[in-house]
Amino acid sequence: DSGVTQTPKHLITATGQRVTLRCSPRSGDLSVYWYQQSLDQGLQFLIQYYNGEERAKGNILERFSAQQFPDLHSELNLSSLELGDSALYFCASSVEAGTSSAKETQYFGPGTRLLVL
Amino acid sequence: TQLLEQSPQFLSIQEGENLTVYCNSSSVFSSLQWYRQEPGEGPVLLVTVVTGGEVKKLKRLTFQFGDARKDSSLHITAAQTGDTGLYLCAGAKGGSYIPTFGRGTSLIVHP
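Protein chains in written order, with my numbering: chain A, 36 to 152; chain B, 199 to 309.
Check each hint, because a few of them may be wrong.
Said to hold, decoys possible - Stretch-level coverage of chain A by chain B, calculated; a stretch enters the list once three of its residues show a Cβ under 8 Å from a Cβ in chain B: (1) 77-85; (2) 143-151.
To be verified - Pairs of lysine-lysine, DSSO-like flavour, derived with a Cα cap of 27 Å: (3) B:Lys291 - B:Lys268; (4) A:Lys92 - B:Lys291; (5) B:Lys268 - A:Lys92; (6) B:Lys257 - B:Lys268; (7) A:Lys44 - A:Lys92; (8) B:Lys255 - B:Lys291.
Think of the hints as simulated: they come from the structure by calculation, not from any bench. Source: prediction; values computed, not measured. Cβ atoms here follow ideal geometry from the backbone N, Cα and C, with glycine treated the same way.
Bound conformation, chain A alone:
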């Protein structure tokens, strides 16, 4: 158990819909990262928040957005869903903002499996 929790574990929805994925980081971790894992693209970084503020952006679509709340939990919102959005979505957390790769350890949650029909 990494200490990172994600809900829901599974989500089935239809094209065009909107869903919200939730992540609670490890106690004491200020940084939250979101990743998408699919068979064709592998694990892709989407976005990072540190202490409530956006810190880095990766391959995140405009239809997707995220935020980190004062209690440090984070939500990833996916809208106008397409079949290709079906994937595993992981949240990871770390203590710092990721300024030194050698010192940073990211702890991954168990993921949310999204299926868009």
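With the hints as your guide, set chain B onto chain A.
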């Protein structure tokens, strides 16, 4: 084109065998990490290597970072069924740790 190429993509072996998986790139990384991911779980960090030529050992697992910091290998001695999983390498550049992941090597160890 993947920044980090992992090979082989799939590996199926018997318990007790040795194996090596590779992570290659044309880019230089400030650090490289190896993760293992089991079905239904998120990746779990195994090791971080930061110095060219560095070798780290974790029980039966030996990790090596290439001298030029462009590639890495993971060697498993006397594989066990518990080693089954997806092995991912991830590289970071510069001072900000946003890793780029390879697609992984899926390892199955048969009893």
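Each hint tested on the structure:
A stretch counts as covered by a chain when three or more of its residues have a beta carbon under 8 Å from one of that chain; for the region 77-85 of chain A and chain B the count is 5, and the coverage holds. With 4 residues carrying a beta carbon less than 8 Å from a beta carbon of chain B, the region 143-151 of chain A meets the three-residue requirement, and the given coverage holds. The suggested pairing of Lys291 (chain B) with Lys268 (chain B) holds, with an alpha-carbon distance near 11 Å, which does not exceed 27 Å. With a C-alpha separation of about 15 Å, the suggested pairing of Lys92 (chain A) with Lys291 (chain B) holds against the 27 Å cut-off.
For the given pair, Lys268 (chain B) sits about 24 Å from Lys92 (chain A) by alpha-carbon distance, which is consistent with the 27 Å threshold. Straight-line distance between C-alpha atoms of Lys257 (chain B) and Lys268 (chain B) comes to about 25 Å, which keeps the hinted pair within the 27 Å bound. A hinted pair counts as satisfied when its Cα atoms are at most 27 Å apart, and Lys44 (chain A) with Lys92 (chain A) qualifies at roughly 24 Å. Taken as a hint, the Lys255 (chain B) and Lys291 (chain B) pair is honoured in the structure, with Cα atoms around 23 Å apart against an allowance of 27 Å.
Violated hints are absent here; each numbered hint is respected by the structure.
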